[in-house]
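Listed in order, the protein sequences are those of chains F and H.
Heads up, the first sequence is in the numbering used here, so the first residue is 1 and it goes up one at a time.
Heads up, the second sequence is in the numbering used here, so the first residue is 1 and it goes up one at a time.
FYI, nobody ran anything at the bench for these hints, they're computed from the structure.
Predicted model only: the values in this text are computed from it and were never measured.
All C-beta atoms in this analysis are idealised placements derived from N, C-alpha and C, irrespective of residue type, glycine included.
Don't take each hint at face value.
[As the list claims (entries may be wrong)] Covered stretches of chain F (chain H as the covering partner; in silico rule of three or more C-beta atoms under 8 Å from a C-beta of chain H):
no. : segment
1   : 31-40
2   : 87-101
3   : 212-224
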Amino acid sequence: MLLLAAFVALALVPRAHAQIAEERVVAGLSQTTVSITTGFTGSEIFIYGAIKRDAPVPKTWPLDIIVAVTGPSEPVIVRKKDRKFGIWVNDSGVKVDAAPSLYAVATTGPFRDIISFTDDFKHKVGLEHLVRFIGETDDAAYKAGYPEALVRLRKAEGSYFVLTSGVKVSEETLFETRIALPANLVEGDYRARIFLLRDKSVVDVFESSIEVRKVGLERWIYTMAHEKPALYGVISIAVALAAGWLASTFFRMVFR
Amino acid sequence: MNIYLPIAEVSVNAFLLLGLGGGVGMLSGLFGVGGGFLMTPLLILIGIPPAVAVATEANQIVASSFSGVLAHWRRRTVDFKMGLVLLAGGLLGSAVGVQIFAVLRALGQVELLVSLCYVVFLGIVGVLMFIESLSALRKAKTNKRAPRRGHHWSHGLPFKMRFRASNLYISAIPPFLVGALVGVLAAIMGVGGGFIMVPAMIYLLGMATTVVVGTSLFQIMFVTGATTLMHAILNQTVDGILAVLLLIGGVIGAQIGVRLGPKLKAEQLRVLLALLVLLVCAKIGYDLVRTPDEFFTIGGGGH
Numbered sequence: 001m002l003l004l005a006a007f008v009a010l011a012l013v014p015r016a017h018a019q020i021a022e023e024r025v026v027a028g029l030s031q032t033t034v035s036i037t038t039g040f041t042g043s044e045i046f047i048y049g050a051i052k053r054d055a056p057v058p059k060t061w062p063l064d065i066i067v068a069v070t071g072p073s074e075p076v077i078v079r080k081k082d083r084k085f086g087i088w089v090n091d092s093g094v095k096v097d098a099a100p101s102l103y104a105v106a107t108t109g110p111f112r113d114i115i116s117f118t119d120d121f122k123h124k125v126g127l128e129h130l131v132r133f134i135g136e137t138d139d140a141a142y143k144a145g146y147p148e149a150l151v152r153l154r155k156a157e158g159s160y161f162v163l164t165s166g167v168k169v170s171e172e173t174l175f176e177t178r179i180a181l182p183a184n185l186v187e188g189d190y191r192a193r194i195f196l197l198r199d200k201s202v203v204d205v206f207e208s209s210i211e212v213r214k215v216g217l218e219r220w221i222y223t224m225a226h227e228k229p230a231l232y233g234v235i236s237i238a239v240a241l242a243a244g245w246l247a248s249t250f251f252r253m254v255f256r
Numbered sequence: 001m002n003i004y005l006p007i008a009e010v011s012v013n014a015f016l017l018l019g020l021g022g023g024v025g026m027l028s029g030l031f032g033v034g035g036g037f038l039m040t041p042l043l044i045l046i047g048i049p050p051a052v053a054v055a056t057e058a059n060q061i062v063a064s065s066f067s068g069v070l071a072h073w074r075r076r077t078v079d080f081k082m083g084l085v086l087l088a089g090g091l092l093g094s095a096v097g098v099q100i101f102a103v104l105r106a107l108g109q110v111e112l113l114v115s116l117c118y119v120v121f122l123g124i125v126g127v128l129m130f131i132e133s134l135s136a137l138r139k140a141k142t143n144k145r146a147p148r149r150g151h152h153w154s155h156g157l158p159f160k161m162r163f164r165a166s167n168l169y170i171s172a173i174p175p176f177l178v179g180a181l182v183g184v185l186a187a188i189m190g191v192g193g194g195f196i197m198v199p200a201m202i203y204l205l206g207m208a209t210t211v212v213v214g215t216s217l218f219q220i221m222f223v224t225g226a227t228t229l230m231h232a233i234l235n236q237t238v239d240g241i242l243a244v245l246l247l248i249g250g251v252i253g254a255q256i257g258v259r260l261g262p263k264l265k266a267e268q269l270r271v272l273l274a275l276l277v278l279l280v281c282a283k284i285g286y287d288l289v290r291t292p293d294e295f296f297t298i299g300g301g302g303h
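Make a model of the complete structure from these sequences and hints.
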């Protein structure tokens, strides 16, 4: 009887992975809003969670986790320098239609070893699927290496990074990671995705968003500069004149 | 202490900015130059986007030049009449300059334009000033004064005006043109243009050296004010917090400079300024011809 039940179970779930489908990610973020204040120097987000399962821990494949935090996607113009008349001049540039302002990823192992190309493409985890052209793509532009250059430059300035083995997993159940967001954040809604993987396949995804906003003085200055530019210009000049007068008066009183 | 700049969208050290403002402000008070020719490249060097650096620097120069003008005004070393003629040209020039800047910013060529302007103008001015001030230094040593030129090349031009404080009776056209040229540069390079105006006033217009610095600052104050306003409206690139940090350092530095000026010898001061100008010029020129480490840049105008 017991043997029969086992056979039935096997017939219903022909692949070993099916068992894995029972696993789900439950996660939390230490903060879901980031406020950019005047003293903002970056923000560390603590991401933690657990794997919920009905069955015992499957022994087939080790468990892997990828935590990906991505900033709002924007078109970016990338320019290449060319030597003209002995000096280095920018070309007219290539517009990369979509590039996240931030790409912060933490994994349990080397990226290519823990996720298959198919699932990477499906879930758009890797940078090559996020930094891309939309619609008609010009092969020449790809070959010239503009998207790669964009990734390289953003990596150099700290906006794109991958923390290999940055996720700690304990008892195949609990996991945690810390992602330090850099100081040069732009405003917008950031996506935080947590992928649970087995055998290089995505088993479950948990998604949350992080709201990044300028607040206080930063907000006020930014809004005014864009919405009331004339008034903003006048105030800038007034502040400058006041500072000039103050310094002059102060120095005259002190050293006469 | 790091501080986040709302328009530049980068975080920088506040004390670094205060220090830069102070150092450059001192030169401003000392030489009657805005100091923008030093500050703008420095800001770009520390990671401020060029468009923001140029516009914000114009705003800072308003403060340091106003502070300097007040000090010179009390000493009666400002020729207001000459200043107004220069200013008329300057406002026209800066309006043209801001438009050129907006177009080139969209094309991604702002950096190149700014660099080329720096190399050309700093190069010319630096060399001329260096040669002139060296020969003046030599003459000063042998106790001979340069003979005053009886006839100026511009004497044939119309619209003659008397500039009492400058001890001049010349046509208004040359000062107007000098003002206009400086206005264009102020908008494009994020500089007051003093490093061009001061030598132009001395050598081209033949003004009395005592009023040159004050008058130059007077004109610069208005031109950079207009430039700030136009950049704020057209490009939205004036960063309020960056400007405040720079100008706090700047106005204090300018006051120290003004007080230090009379204690130093004018000819030696000019040699120093010339060397400084040439140094900045050489650095920017070298960066233009040097094969870059990274051929790609992330361009402005993307959003």
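Evaluated hints:
Note: the segment 31-40 of chain F has 5 residues with beta-carbon separation from chain H under 8 Å; the three-residue rule is met and the coverage holds. Given a C-beta distance limit of less than 8 Å, the hint that chain H covers the segment 87-101 of chain F holds, as 7 residues qualify and 3 suffice. With a cut-off of 8 Å between beta carbons, the segment 212-224 of chain F has 6 residues touching chain H; three or more are needed, and the interface restraint holds.
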